[in-house]
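In numbering that gives the first Met the number 0, the protein residues as written are 0 to 522.
None of these hints come from the bench; they were simulated from the model. Because the structure is a prediction, the values reported are computed rather than measured. Be careful, since some hints might not be right.
Simulated restraints on C-beta separations [unchecked claim]:
no.: 1; residue 1: Ser513; residue 2: Met362; range: 43 to 51 Å
no.: 2; residue 1: Lys164; residue 2: Arg445; range: 50 to 58 Å
no.: 3; residue 1: Glu184; residue 2: His439; range: 43 to 51 Å
Derived pair list, reagent style DSSO-like, types lysine-lysine, alpha-carbon separation capped at 30 Å [what the hints assert, rightly or not]:
no.: 4; residue 1: Lys244; residue 2: Lys288
no.: 5; residue 1: Lys142; residue 2: Lys205
no.: 6; residue 1: Lys29; residue 2: Lys133
no.: 7; residue 1: Lys500; residue 2: Lys470
no.: 8; residue 1: Lys473; residue 2: Lys16
no.: 9; residue 1: Lys470; residue 2: Lys133
no.: 10; residue 1: Lys473; residue 2: Lys147
no.: 11; residue 1: Lys16; residue 2: Lys470
no.: 12; residue 1: Lys473; residue 2: Lys138
no.: 13; residue 1: Lys164; residue 2: Lys142
Virtual Cβ for every residue (Gly too), placed ideally from N, Cα, C.
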Amino acid sequence: MRFQETMVIIREDIVQKFALTHIKSFEESKEIELKPITVLVGKNSCGKSSLLRFPVMLAQTFRENTLAPLLLFGSLIDYGNYDDVAYRHGTKPIGFQMTFGQELIRLGQIYGKWEYVDGDERISFSHFKNVKSKVYIDKPGRKIQVQKFELYFDEKKICTINREKNTYTFTLNQILEKDIKEDCEIEITSLEMDFYNFIPVINEQKLLSQYLMIKNVMAKDKRIPRQTLLLKNIDRDFEGNVSDKTQQEIKNFTRTIFVIAGYLQAIRIYLIHEAEKTVYIGPFRENPKRVYRDSESSYNDVGVNGENTSMILRQAAQENQNLLDNVSGWFQKTMGYSLNIKDVGNGLYSIVVCGNREVDNLMDVGFGISQALPIVTQLYSKGEYRQSIFDLNMSERKTVILEQPEIHLHPAAQAQLADLFVDCINDKKGMINRILLETHSEHLIRKLQVLVADPDVMLKEDQVAIYYVDKDEKGDSHVQKMELCANGQFETAWPSGFFDKSYELTKLLMKANSKQNTRSGEA
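Whole structure, please, built from the sequences with the hints as guidance.
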């Protein structure tokens, strides 16, 4: 007999969003969707860095061996201690939500896939468009801990795990069948719950045992047989007669728990994988050196302060890779200088800047080149990242997070950064990389608008997300998404204080000239 598959085919886009609750100056932020190019802009101390560094903090949490829900201080950044992170240094739990798209769904189908036969139809739980988690973390004593965890499929809450004193309560809010359609509220209390950082680890045996007690069903064996967990011979494993209705409820509950457990595991694996592919470059890059020492170490990225840049370029040149040529070509096009590696001898080398007639040490030229060099190197570098320990067919894209990439660059070079970003979000394999950046550069944003509007450039308006961050009179931060149109224009006017400043200063200049002319005439 052939079975009809119940499955919805969804366009395989990669969606990842996050939002903050009671973190730093955000009482509640809007969702930030990570596009191939995502830009945060706004005034100083308005909350941009708190948003931009949150994914960095998540990455270091899953990179390093820590039992804490979040690693606020680690090898990548110091996000502050818990009291610094808490909104207005208050006592309410800090929270965040993450929304995942089809890549996570596919992974969830591996770990949380549950297929069963209903008549002539095979039911497969693979019809979700997105998965969302909401996490709330508190510090009742000396340690931070998960206060609440909520899981959503397609905006419908599936389950809640809530801490009450020293135990947790698991509440099942939806039963999964062909569609998510049956609301419920099955509450299992006094559970000991393990977490992988902030992600719950579901013990299906314990939950089913507790559920059977609620249903007044007694298993023949204290340890529920695997056949029962697989929903086979369910009527043989319990004492006494179990009604058909109760059997069906047990089956539905068990199926749902298996799917939830699998998707929670998928979220953990996904975040570990993303952490390995995340690169963060801070706002202050390391000062150049006159000479560098050769090293046998190899590096996947340039480092938070760009400290590995010279070694990556050196090794690429020794291995006849085209990385140095690409980096040098960008500087030649942007600033009129090319770069090269010069052997000094005794295991030493230097980076030199070549003009039309002169060759200078990197240390002896403008500071802007050395500040941009780590960013350009990272974006052109492929990087040999570790394969996932789970051996899964997951995207190998990188997420590069940049703070003030335009620092110490003149306006034309700032604009040229936009071209660099567009070149690097699509590699030769067609893989979409992601760049998340914070900037104060009007020139960079204007150039992105031009590139979106240019029909000869492969950049669409839905590949760029620009968010304006500002504070209100109370000191609370707010996020406004500035939607781009296909012609490169913004759908709505920008808030005052960014693009309008040039116009305001031009008017002031004209007014000052008018005053000057009036006084000259009076004289």
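Verification of the hints:
1. Ser513 to Met362: 43 to 51 Å: 47 Å, holds
2. Lys164 to Arg445: 50 to 58 Å: 55 Å Cβ-Cβ, so the 50 to 58 Å window holds.
3. Glu184 to His439: 43 to 51 Å: 49 Å, holds
4. Lys244 to Lys288: Given pair Lys244, Lys288 is violated - Cα atoms ~75 Å apart, limit 30 Å.
5. Lys142 to Lys205: The given pair, whose Cα atoms are some 26 Å apart, holds under the 30 Å limit.
6. Lys29 to Lys133: Given that 30 Å is the threshold and the Cα spacing comes to 14 Å, the pair holds.
7. Lys500 to Lys470: The given pair, whose Cα atoms are some 18 Å apart, holds under the 30 Å limit.
8. Lys473 to Lys16: 27 Å, holds
9. Lys470 to Lys133: With a Cα-Cα distance of about 24 Å, the restraint between Lys470 and Lys133 holds, given a limit of 30 Å.
10. Lys473 to Lys147: Between Lys473 and Lys147 the Cα gap is close to 28 Å, so the pair holds against 30 Å.
11. Lys16 to Lys470: 22 Å, holds
12. Lys473 to Lys138: 25 Å, holds
13. Lys164 to Lys142: 14 Å, holds
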